[in-house]
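**Student:** Each chain, written out:
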Amino acid sequence: MTAGYFYSILEGSLLSIQVALGALVVAVVLGLAGAAAKLSTHQPLVWLGTIYSTIIRGIPDLVLMLLIFYGGQIGLNVMLESMGYMDYVEINPFAAGLMTIGFIYGAYMTETFRGAIMAIPTGQAEAGLAYGMGQTRVFFTIVLPQMVRLALPGFTNNWLVLIKATALVSILGLPDMTYLAKQAGAAARGQTPNAPLLFMAFAAVIYLVFTTVSLVALRQLEKRYTMGVKRGNF
Amino acid sequence: MQFDVIFTPDSLRLFGAGLVGTLQILIACLLIGGALALPMTLMRVSQHWWVKGPVWLFTYVVRGTPLLIQVYIIYYGVAQLDWIQSRWDDSWPWTGFKDPFMCAVLAFSMNTCAYTVEMLAGGIRDTNAGEIEAAHAMGLSKWQTLVRIVLPSAMRRTLPAYSNEVIMMLHSTSLASTVPAVFDITGAARSIYSDFYLPFEAFITAGLIYLVLTFTLVGLFRLAENHWLAYLKPRGR
Numbered sequence: 001m002t003a004g005y006f007y008s009i010l011e012g013s014l015l016s017i018q019v020a021l022g023a024l025v026v027a028v029v030l031g032l033a034g035a036a037a038k039l040s041t042h043q044p045l046v047w048l049g050t051i052y053s054t055i056i057r058g059i060p061d062l063v064l065m066l067l068i069f070y071g072g073q074i075g076l077n078v079m080l081e082s083m084g085y086m087d088y089v090e091i092n093p094f095a096a097g098l099m100t101i102g103f104i105y106g107a108y109m110t111e112t113f114r115g116a117i118m119a120i121p122t123g124q125a126e127a128g129l130a131y132g133m134g135q136t137r138v139f140f141t142i143v144l145p146q147m148v149r150l151a152l153p154g155f156t157n158n159w160l161v162l163i164k165a166t167a168l169v170s171i172l173g174l175p176d177m178t179y180l181a182k183q184a185g186a187a188a189r190g191q192t193p194n195a196p197l198l199f200m201a202f203a204a205v206i207y208l209v210f211t212t213v214s215l216v217a218l219r220q221l222e223k224r225y226t227m228g229v230k231r232g233n234f
Numbered sequence: 001m002q003f004d005v006i007f008t009p010d011s012l013r014l015f016g017a018g019l020v021g022t023l024q025i026l027i028a029c030l031l032i033g034g035a036l037a038l039p040m041t042l043m044r045v046s047q048h049w050w051v052k053g054p055v056w057l058f059t060y061v062v063r064g065t066p067l068l069i070q071v072y073i074i075y076y077g078v079a080q081l082d083w084i085q086s087r088w089d090d091s092w093p094w095t096g097f098k099d100p101f102m103c104a105v106l107a108f109s110m111n112t113c114a115y116t117v118e119m120l121a122g123g124i125r126d127t128n129a130g131e132i133e134a135a136h137a138m139g140l141s142k143w144q145t146l147v148r149i150v151l152p153s154a155m156r157r158t159l160p161a162y163s164n165e166v167i168m169m170l171h172s173t174s175l176a177s178t179v180p181a182v183f184d185i186t187g188a189a190r191s192i193y194s195d196f197y198l199p200f201e202a203f204i205t206a207g208l209i210y211l212v213l214t215f216t217l218v219g220l221f222r223l224a225e226n227h228w229l230a231y232l233k234p235r236g237r
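If you read the protein sequences in the order shown, they are chains A and B. Residue 64 in the working numbering sits at position 64 of the first sequence, with consecutive numbering throughout. Residue 112 in the working numbering sits at position 112 of the second sequence, with consecutive numbering throughout.
It is worth saying that the hints were derived from the structure and are not from the lab. Keep in mind that this is a model prediction, so the values were computed, not measured. There could be a bad hint or two in this list.
As the list claims (entries may be wrong) - Below 35 Å or equal to it, Euclidean Cα-Cα: the simulated DSBU-like pairs (lysine-lysine) are: (1) B:K52 with B:K142; (2) A:K230 with B:K98; (3) A:K223 with B:K98; (4) B:K52 with A:K223; (5) B:K142 with B:K233.
To be verified - Selected chain A positions facing chain B (Cβ under 10 Å, derived; list incomplete): (6) Y52; (7) P60; (8) I68; (9) Y70; (10) M99; (11) F103; (12) S170; (13) A181; (14) A188; (15) P193; (16) L215; (17) L218; (18) R219; (19) Y225.
Unchecked claim - Take a look, some chain B residues computed to stay more than 10 Å from chain A by CB distance: (20) L42; (21) L67; (22) L68; (23) D90; (24) E133; (25) I149; (26) F183; (27) D195; (28) P234.
Ideal placement from N, C-alpha and C gives every residue a C-beta, glycine not left out.
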């Protein structure tokens, strides 16, 4: 009985990972777009990027998540209704949770990527342009490969916060491991001694494994990308 | 959009109560977390593994797990243990577990404590070796060096990072609304949402209040940095 609950929490961890990795992809894409917007020469784009990164980082994740999940549901239906589509459409909570976390952490990635891009000497991009490369080519062959090294520490930080933020999708009713651990704790009360503490602690240990593995993996990656860099020694 | 629902006396009172709740939780956990963080930081920078080991483990576990799970562990886990419940009527400090507000504050305090310890320990490790040598050369004892030389400069160096932590903590207090019977800004928004089924109005209002609080904190910390980190500013003409 107890083993069954442990197994279901373990299965729920797969959903947490899926949300985290999916959100990471969204966040990186939005982060690159946001950084490009904030560094662009078009004033409206700069404003858009600034508003995005400032407002999102100033509001708690949970409030944004509730706003986008509950608000998005109603907003979508009102929109569809005005277009003459009368059926009630329900947003998939998995997609909503994933997109929301991605949207929020895109704002944090924007700042990380912007800092990394600004730290690369402009002369390098100028040299690329002087050789006749296009803007896109300069970005992908000159700026991006060097930016990885500079962005990695901030990226690592954002990723660790993002993994932990996936626990919030349980509040939207998505059966991730936090949700399942809470359910198991309530269901097994009286059968398993101290069930709520036991199952929640189990979920905590799984999160700890995730963060530890990520830290080790990203440290290896950092070693790779800093291979040719000379560090000052005092 | 029907923002007039927000501007009724009842809704405004709800958000007012939520604001008070959020600020109470924030201030309580910053005070408790900060008070715990100072001695734990000194343990963290100790040379003996058996002194720094337990604190390292504590910060590692707290920083590696979601705050929501920590809140649940304390409120649904520890506070439901028979051992605790047999004591929470009369014997202090276990009486605190009876109160959901105290459970939330305990979880948040532990969380901010762990992050503060690591930041402050980093600040202490960055102390210029020459400053400590000079203090020893002047005949200051280990304790005097710590209190007069190391801590003042380490705490100043930690100030910018600490301002981020305080803002993160403000945002984290929104998780208090997941504990029944604790009321904060997010809780106010959730109850207005469920009463009127108006998610945009309720959560946008809550978001705006948090934004104002965030900018206020940013401004306060800028003042604090101008005061305590004034010597690091480039000198103007």
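**Student:** Confirm or reject each hint.
**Tutor:** Results of checking the hints against the structure:
1. Distance check on the hinted pair: K52 of chain B and K142 of chain B sit about 18 Å apart at the alpha-carbon level, within 35 Å; holds.
2. Simply put, K230 of chain A and K98 of chain B have alpha-carbon atoms about 57 Å apart, too far for the 35 Å limit, and the pair is violated.
3. For the given pair, K223 of chain A sits about 49 Å from K98 of chain B by alpha-carbon distance, which is inconsistent with the 35 Å threshold.
4. Between the alpha carbons of K52 of chain B and K223 of chain A the distance comes to roughly 27 Å, so the proposed pair stays at or under 35 Å and holds.
5. Only pairs whose Cα atoms come within 35 Å are accepted, and K142 of chain B paired with K233 of chain B is accepted, the gap being roughly 30 Å.
6. Interface hint status for Y52 of chain A: violated, as the beta-carbon distance to the closest one in chain B is roughly 13 Å, over 10 Å.
7. The interface hint given for P60 of chain A is met, as the beta carbon of that residue sits about 4 Å from the closest beta carbon of chain B, less than 10 Å.
8. Interface hint status for I68 of chain A: upheld, as the beta-carbon distance to the closest one in chain B is roughly 9 Å, under 10 Å.
9. For Y70 of chain A, the interface hint holds, the least distance from its beta-carbon to any beta-carbon of chain B being 4 Å, beneath 10 Å.
10. Among the interface hints, the one on M99 of chain A is violated; its C-beta lies about 16 Å from the nearest C-beta in chain B, farther than the 10 Å criterion.
11. For the restraint placing F103 of chain A at the interface with chain B, the shortest Cβ-Cβ distance is roughly 14 Å, beyond the 10 Å limit, so the hint is violated.
12. With 10 Å as the threshold, the beta carbon of S170 of chain A comes within range of chain B, its nearest partner Cβ sitting at about 7 Å, so the hint holds.
13. Nearest Cβ of chain B to the Cβ of A181 of chain A: about 8 Å, under the 10 Å cut. The hint holds.
14. Interface hint at A188 of chain A: violated, since its Cβ lies 12 Å from the closest Cβ of chain B, which is beyond the 10 Å cut-off.
15. Of the supplied interface hints, the one on P193 of chain A holds, with its beta-carbon coming within about 9 Å of a beta-carbon of chain B, less than 10 Å.
16. At its closest, the beta carbon of L215 of chain A sits 8 Å from a beta carbon of chain B; the interface hint therefore holds under the 10 Å criterion.
17. Interface restraint check: L218 of chain A against chain B, minimum CB-CB distance 14 Å, threshold 10 Å, status violated.
18. Residue-level restraint check for R219 of chain A is violated (minimum Cβ-Cβ distance to chain B is 15 Å; threshold 10 Å).
19. At about 23 Å, the closest approach between the beta carbon of Y225 of chain A and any beta carbon in chain B exceeds 10 Å, and the interface hint on this residue is violated.
20. The non-interface label for L42 of chain B is consistent with chain A: the shortest C-beta to C-beta separation is roughly 25 Å, beyond 10 Å.
21. Distance check for L67 of chain B against chain A: the nearest CB is about 7 Å away, which does not clear 10 Å, and the non-interface claim fails.
22. Remark: the non-interface label on L68 of chain B conflicts with the geometry, its nearest Cβ contact in chain A lying 4 Å away (cut-off 10 Å).
23. Distance to chain A confirms D90 of chain B as a non-interface residue, since its nearest Cβ pair spans about 22 Å, more than 10 Å.
24. Separation of E133 of chain B from chain A is adequate, the least Cβ-Cβ distance of about 15 Å exceeding the 10 Å criterion.
25. The non-interface label for I149 of chain B is consistent with chain A: the shortest C-beta to C-beta separation is roughly 20 Å, beyond 10 Å.
26. Once the 10 Å rule is applied to beta carbons, F183 of chain B is consistent with being away from chain A; the minimum gap is 15 Å.
27. The Cβ of D195 of chain B lies farther than 10 Å from every Cβ of chain A, with a closest approach of about 13 Å, so its non-interface assignment holds.
28. Remark: the non-interface label on P234 of chain B is consistent with the geometry, its nearest Cβ contact in chain A lying 19 Å away (cut-off 10 Å).
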